[in-house]
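A.B. asks: Those sequence lines, one after another, are chains A and B. Here the first sequence is numbered in the UniProt record's numbering, starting from 1 and rising by one per residue. Here the second sequence is numbered in the UniProt record's numbering, starting from 1 and rising by one per residue.
Please keep in mind that the hints were generated in silico from the structure rather than gathered at the bench. Don't be surprised by glycine CBs; every beta carbon is placed ideally from N, CA and C. One or more of the hints may lead you astray.
To be verified - Non-contacting residues of chain B with respect to chain A, defined by C-beta distances greater than 12 Å in every case (computed):
1. 147
2. 149
3. 172
4. 178
5. 229
6. 592
Claimed, not checked - In silico DSBU-like pairs for lysine-lysine, Cα to Cα no more than 35 Å straight-line:
7. 260(B) - 403(A)
8. 185(B) - 401(A)
9. 133(B) - 389(A)
10. 232(B) - 389(A)
11. 603(B) - 624(B)
12. 401(A) - 624(B)
13. 367(B) - 162(B)
14. 603(B) - 401(A)
15. 63(B) - 74(B)
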Amino acid sequence: MDHKEKLCADAWENPSSGNDLTGKISSDCPPFAIFKPQLHQQKWEDPSILDYGGIRIEPSFQEFNQPSETQTSLPCNSNNDTKMADREDGRMCETPQANKSQDWDPRTMLNNLSYLEQKIHQLQDLVHLIVGRRGQVLGRPDELVAQQQQLITADLTSIIAQLISTAGSLLPSVKHTLSTTTPSIGQFGQLGGSFVPSGVGTDASVKLQNSNGSKLADQSNQTDLISNYGTEQNYSVEEHESKDEEDADEGENLPPGSYEILQLEKEEILAPHTHFCAICGKGFKRDANLRMHMRGHGDEYKTPAALAKPNKESSSEPTLIKRYSCPYAGCKRNKDHKKFQPLKTILCVKNHYKRTHCDKSYTCSRCNTKKFSVIADLKTHEKHCGKDKWLCSCGTTFSRKDKLFGHIALFQGHTPAIPLDETKGTQGPADHGEGSEASNRVGNINFSFGSTASGGGGVVQNLMDVKESINDPTSYFSPLNFETCNFDGFHEFPRPPFEDSESSFSFLMPGSCNYTHKTGGEPNSNNLE
Amino acid sequence: MKRQRTIVTFNSNMNNNNHLFHFLSEEIIFIILDFLNQNPIDKKAFSLACKSFYAIEAKHRKKLKPLCSEHIPKVLNRYPHVSHIDLTLCPRITDTSLTTISNACMSSLRSIDLSGSNCFSGAGLLSLAVNCKNLVEIDLSNATELRDSAVAALAEAKNLEKLWLGRCKQITDMGVGCIAVGCRKLRLISLKWCPGVGDLGVGLLAVKCKDIRSLDLSYLPITDKCLPSIFKLQYLEDLVLEGCFGIDDDSLSGLKHGCKSLKKLDISSCQNITHVGLSSLTGGSGGFLEQIILSHGSPVTLALADSLKKLPMLQSIKLDDCPVTYAGLKAIGNWCASLRELSLSKCAEVTNESLSSLLTKHKDLRKLDITCCRKITYASIDHITNSCTALTSLRMESCTLVPREAFVLIGQRCQFLEEIDITDNEVDDEGLKSICRCSNLSSLKLGICLNITDEGVANIGMRCSKLVELDLYRCTGISDSGISAVANGCPGLEMINIAYCKDITDSSLISLSKCSSLNTFESRGCPLITSLGLAAIAVGCKQLAKLDIKKCSSIDDAGMIPLAHFSQNLRQINLSYSSVTDVGLLSLASISCLQSLTILHLKGLSPSGLAAALLACRGLTKVKLQATFKTLLPQALFEHLEARGCVFQWRDKFFRAELDPQCWKIQLQDIMQLR
């Protein structure tokens, strides 16, 4: 266990860099390499991808693998994978399981079975290999044997899990009763992009805590964390039973009732990524990007079938058009509003919510004036910032002269502002005012930085914990902590601290790997403090 | 010292009769002063009569035209009620001057003319705009260095109604946008030759300044994007789109629904506008249209003439330099409105037939311009004089096929003529005699009429007592007797050109010195004129402002000294090829308002003398010099003069001997035929 824990700690230090992780793991986990008999131990450094391929193939199985992998000292990975699978937009799950929960498909079943067969064969080969190697003299035989055992156990568990899940898909009505079994997680995986594990636990439409929570409860101590996370997941799953693509957007003036209104909770809206790699845990905003990313994990992801846009066949079934409602009460985009105007896609919801109901926490680094709540807006702005030379007296800048003149024609009292280099003191005061305002804003940003960090979300909460326990500010600000997910997570929680304070630690962000940072084998305690 | 003494003597005189003036109220003196407008010296003299006159004149004066900016503070102190300041004579107006003016005049200032001054910037304009709340008119034409920021400062003048920005090359849409937002009461704005101003600025102007009456957009790179908003201006009367090449027929289609108030439309040099665009005028906006200028535009065809047929109020049309067709001109002849003014100058295709068919119905024509219609003959003149008897202006320069007999008809039939231009025609004494029957004649141009002699010109003096302008350029048949007849008979003469009338001597000038209103005198190439004659002019014609004695080789320094003493209004002088030397040039420095000086090929001029003269004439704004002086004088001198507001033009022409007049004309005709 010591070894495992150490490894675990190491792994957590590099949460999102899969290669490092596997590099470390590989030395400890030779059995993975034995998938391919010709590989020697010296080569085990590189085949990490292969290993992952072996583990990863079925995203929905990750959860299932997880318990065993906790044993095989891959907790971090599994942890990420869990989230990934949970968060996966249904359509991204091109794997057979992706469809199984929706309704029964013989082809999928066949695929699953053949896959299982293949998997069993692989395991068989592996065992053969281990048997064959028994005679060879190796550096650390005991350790190796233990690892081999773990690997086999893991694979077996995976096979069993998939078998159960395959069987479970035959019984859709049992879905919810099977909550204690892993397939439900698989179902979670199907539940569309809307299914985002960012529940804070305060708003509860339908709580599906049972599935993850109970399943993982019997796992190693680390899974407590996951159970927490699962427990807090609140989601109106029923609404998303028949998840569909949002591609088909009809005209705006849909008669009320002609479409289905879905309302995501704000935590779900604000979750940074909706698509996660089951192998390395990297998060993506688009399924297509994930699929591109998956190619790096093995040849099986390079098949046209794997790369194709998933889930087209399901569109044949008659479904209601989906429209989205903003969870913000009183908003025109909220379904309770008198003149409710639905949003077309989840992306629309996200952008709308951030733009309208969130702080504008991204400030342009060039002008220090413009603020945005959607990072894409900031990026778009930064591309043109400085080029906006057309300035109005109200301070608004325009990239095009005609836009400025349109603005001036529209508003009374606004007048074109002549650039400073030309004016001689006439526009001076106004500009100075702006400057000081900008600097103030910079101050504000710093302030909000700190404040959100303190309570903006679980991640940050964890960060704080780490900071407290270690007294090491550098780790607090170390790039590790600000790896992709974490960084995004932080930025996408521009809410004031009080909003989430009560639920901050129960909410686990996907990239919250750093909660175990240097705390060794007691991540839970740390987390639960 | 001398002035002081004069005042004292006047005062002593006044003291004797002081009681008489006490009966005159201030208002009455104001009315008297209103009539003292002819010569600025008059008012000066009046004010110097006594202290009370001085005070009254100071109170009365509303307009000020200072000669140099140095004395502006003192002058403004003296004249507290000045509402109009014309600074065109000041070579250099800085921000300081403008600040002084704005602080002195405050809200009494209503109008300021800064056209031609280049040295001010936004700060001066801002102080004007902020302090002079009642500023209504400002002319910034030719302020080529003026930038958007300065114009933006001007936008603080909220009550501005008239603004001229012609040739302000640096300003752009941004500056005009500021004006549009700031000066909402604008009624007139001229943006001629502001190439930086485009659709956006003009469009915003039209959106924001709804009171615009007059809009000059000549030579702007505008397209049809800004025209819709212009056509929505409710009160627009005068629209000038000259040389707007971006405007085409489609752009004008908006005229169908707007601009009902339009009275004058200038779309000259707009090559992309044809009858299609013009036909939209009849749709709606042409109801009040009085004048349309189509010069240098598309061919005057039947279609074009028909498209303008139904304009009920149309009085004036200018088709200068348009390709014309017979059908087109004939159709114009059938228009419902009766034209008052018609210009066909340089329409080479105008023939006797087309002109007569055009004029048949427009009998009420007052002004006709058929300059350079080289195909018309006696028949046309016969027809014109027959049908258009009410003509007041006839311009027919270089109608070379019109025979001398035709000019007799003009005098016989068109008695109301006030302006005649028969430059370069075959008119002879008989014709001139007939023309002189037009007793209202005020302007007569007889340049290059080689058939005219003293006999004909004597008739001018006998009959045309109202003559103001007489051009006898290269009328080589004229001598002193003709000129003296004119001088005796035309006391109101203001401008006379006797250039290259080589027989003219001093006696002509002595007789012309009786014309006290004379302000422009041109006697180029009259070798017999001497300083004596010039001195007579200088003494007699106090109004003299422009003097051209180029190639009067007999004039020397002796002529300059009386000129310097008496012609205090002289602004422009050309001394090239004369015998004036350093001394004469230096003496001209006493003419305080002398602005333009052309001194080419002065044999007696030394570099040091030139330098002294240039430094002494403080008001100079334009000096034409031989290029050789550029190297002979230190660069610093020119830099100093340029900083004072003077512009130098360097010429490198060889000295050319004068040609015989007949020979000159033949040469001219050769050149024209080559073209």
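A.B. asks: Could you run down the list of hints and mark each one as holding or not?
C.D. replies: Going down the list of hints, with the structure as the test:
Taking the minimum C-beta to C-beta distance to chain A, about 6 Å, the non-interface status of residue 147(B) is violated against the 12 Å cut. Not every CB of chain A lies more than 12 Å from the CB of residue 149(B), the least distance being 4 Å, so the non-interface label is violated. Some Cβ of chain A comes within 12 Å of the Cβ of residue 172(B); the nearest lies about 9 Å off, and the non-interface call is violated. Non-interface status of residue 178(B) relative to chain A is broken: a Cβ of that chain comes within 12 Å, the nearest being about 5 Å off.
Remark: the non-interface label on residue 229(B) conflicts with the geometry, its nearest Cβ contact in chain A lying 8 Å away (cut-off 12 Å). At the 12 Å boundary, the C-beta of residue 592(B) stays outside the reach of chain A, the nearest C-beta of that chain being 33 Å off. Distance check on the hinted pair: residue 260(B) and residue 403(A) sit about 30 Å apart at the alpha-carbon level, within 35 Å; holds. As the CA atoms of residue 185(B) and residue 401(A) are separated by approximately 25 Å, the hinted pair is consistent with the 35 Å bound.
Between residue 133(B) and residue 389(A), the direct Cα distance comes to roughly 32 Å. Compliance with the 35 Å bound is thereby established for this hinted pair. A distance of roughly 30 Å separates the Cα atoms of residue 232(B) and residue 389(A); the hinted pair therefore holds under the 35 Å criterion. A distance of roughly 15 Å separates the Cα atoms of residue 603(B) and residue 624(B); the hinted pair therefore holds under the 35 Å criterion. Restraint check for residue 401(A) and residue 624(B): the C-alpha separation of about 43 Å exceeds 35 Å, so the hint is violated.
The hinted pair formed by residue 367(B) and residue 162(B) meets the criterion: a straight-line CA distance of about 29 Å does not exceed 35 Å. Only pairs whose Cα atoms come within 35 Å are accepted, and residue 603(B) paired with residue 401(A) is rejected, the gap being roughly 58 Å. For the given pair, residue 63(B) sits about 15 Å from residue 74(B) by alpha-carbon distance, which is consistent with the 35 Å threshold.
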